[in-house]
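Using the sequences and the accompanying hints, generate a full structural model.
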Amino acid sequence: MDRTSFFADKIVWLDAHRPASRRASVAKQGVAAAATGACDQSFSDRDLFELLFHNCTAERMPAGRHLFLQEDRSDRVFGLIDGSVEISIYSIDGQKLVANVQTAPNVIGEIGALDGGLRTATAICRTDCIIVSLERQQLLRRIEDSPLLARSMLRLVCRRVRWVSESLGDQAFLNIEARLAKRLLLLDHILADPAGWIAISQSEIGEFLGATRESVNKLLNGWRSRSLIDVRRGRIKVTNARILRKLAADGEDAF
Numbered sequence: 001m002d003r004t005s006f007f008a009d010k011i012v013w014l015d016a017h018r019p020a021s022r023r024a025s026v027a028k029q030g031v032a033a034a035a036t037g038a039c040d041q042s043f044s045d046r047d048l049f050e051l052l053f054h055n056c057t058a059e060r061m062p063a064g065r066h067l068f069l070q071e072d073r074s075d076r077v078f079g080l081i082d083g084s085v086e087i088s089i090y091s092i093d094g095q096k097l098v099a100n101v102q103t104a105p106n107v108i109g110e111i112g113a114l115d116g117g118l119r120t121a122t123a124i125c126r127t128d129c130i131i132v133s134l135e136r137q138q139l140l141r142r143i144e145d146s147p148l149l150a151r152s153m154l155r156l157v158c159r160r161v162r163w164v165s166e167s168l169g170d171q172a173f174l175n176i177e178a179r180l181a182k183r184l185l186l187l188d189h190i191l192a193d194p195a196g197w198i199a200i201s202q203s204e205i206g207e208f209l210g211a212t213r214e215s216v217n218k219l220l221n222g223w224r225s226r227s228l229i230d231v232r233r234g235r236i237k238v239t240n241a242r243i244l245r246k247l248a249a250d251g252e253d254a255f
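Numbering of the sequence shown is given in full-length UniProt numbering, commencing with residue 1 and proceeding in unit increments.
It is worth saying that the hints were derived from the structure and are not from the lab. Predicted model only: the values in this text are computed from it and were never measured. There may be inaccurate statements among the hints.
Computed Cβ-Cβ distance ranges for the label pairs, DEER-style [stated by the list, open to error]:
hint	residue 1	residue 2	range
1	H66	S91	27 to 37 Å
2	R224	S91	28 to 38 Å
3	R151	R224	45 to 55 Å
4	R233	G210	22 to 32 Å
5	E71	A211	46 to 56 Å
Below 20 Å or equal to it, Euclidean Cα-Cα: the simulated DMTMM-like pairs (lysine to aspartate or glutamate) are [unchecked claim]:
hint	residue 1	residue 2
6	K237	D193
7	K96	E71
8	K237	E204
9	K246	D230
10	K218	E177
11	K96	E50
12	K246	E166
13	K246	D170
14	K96	E204
15	K218	E204
16	K96	E59
17	K246	E177
18	K96	E214
19	K218	D230
20	K237	E177
C-beta: ideal position from N, C-alpha, C; glycine also.
As structure tokens, then:
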């Protein structure tokens, strides 16, 4: 397991050493909320991120590694320095709903670490990641010692609650076409490579929506025939964001 010391300028160092295409992708994520209407959940104030995780040890984790499982004891909070992490909820019979994808820099697992309850979701590295973590008691002490950090954590939790409320509203009031359009626009902003391709399968998209692969496939094929998207094996590209935004906004055919 590759570990390296976490210094105050770690994130700045990562930015400087990312390929130009990766830096552009990270910058693109900053406008995702404005473009899609989604809540901005990133812990974007890097000074406060470093205040929370200073003197912690950074760990490189491969794609597929779990940070925690649903129903685990909440004993620590995680900081995502690089990469992306999938947050998923599982039913008793094993059905999966992808609640969100967190991109760096971000805080993960803060709600369980704050209240000490069991984890309400599973967090898994979607890509290779660089992670730091802090034990719950250390987190609480640092919050007690820093009103600035306490206020920032409150804002983060409030943004997460707003995100959940918006997602519940989408699930209840938007048809599947509108929800798919909205999700693709968000994924385009946070996960697309420099050429615009999103590495995701149709089954995974179904897990985001709580829909079957067949229903997703039917919609995507229709959109591809109308030149709204391009689809290849395991990849999707948004080619007409304007129409998708209209579909996401009103749930009706925009033509």
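Cross-check of the supplied hints:
The beta-carbon spacing between H66 and S91, approximately 18 Å, falls outside the hinted interval of 27 to 37 Å. One distance hint, 28 to 38 Å for the beta-carbon pair R224 and S91, holds here, with the actual separation near 31 Å. Remark: the range hint 45 to 55 Å for R151 to R224 is upheld by a beta-carbon distance near 46 Å. Separation of R233 from G210 is about 24 Å and conforms to the stated range, judged on CB atoms against 22 to 32 Å.
Separated by about 25 Å at the C-beta atoms, E71 and A211 break the suggested range of 46 to 56 Å. With a CA separation close to 10 Å, the supplied pair K237 and D193 stays within the 20 Å bound. For the given pair, K96 sits about 15 Å from E71 by alpha-carbon distance, which is consistent with the 20 Å threshold. The hinted pair formed by K237 and E204 meets the criterion: a straight-line CA distance of about 15 Å does not exceed 20 Å.
Between the alpha carbons of K246 and D230 the distance comes to roughly 18 Å, so the proposed pair stays at or under 20 Å and holds. Restraint check for K218 and E177: satisfied, since their Cα atoms lie roughly 10 Å apart, inside the 20 Å limit. Our distance criterion of 20 Å between C-alpha atoms is broken by K96 and E50, whose separation comes to about 33 Å. With a C-alpha separation of about 17 Å, the suggested pair K246 and E166 falls inside the 20 Å cut-off, and the hint holds.
About 15 Å separates the Cα atoms of K246 and D170, which keeps this hinted pair within 20 Å; it holds. Restraint check for K96 and E204: satisfied, since their Cα atoms lie roughly 10 Å apart, inside the 20 Å limit. Between K218 and E204 the alpha-carbon distance is near 15 Å, which keeps this suggested pair within the 20 Å criterion. Between K96 and E59, the direct Cα distance comes to roughly 27 Å. Violation of the 20 Å bound is thereby established for this hinted pair.
Of the pairs offered as hints, the one joining K246 and E177 holds, with about 11 Å between alpha carbons and a cut-off of 20 Å not exceeded. For the given pair, K96 sits about 16 Å from E214 by alpha-carbon distance, which is consistent with the 20 Å threshold. The suggested pairing of K218 with D230 holds, with an alpha-carbon distance near 14 Å, which does not exceed 20 Å. Of the pairs offered as hints, the one joining K237 and E177 holds, with about 17 Å between alpha carbons and a cut-off of 20 Å not exceeded.
Checked against the numbered hints above, the structure violates hints 1, 5, 11, 16; every other hint is satisfied.
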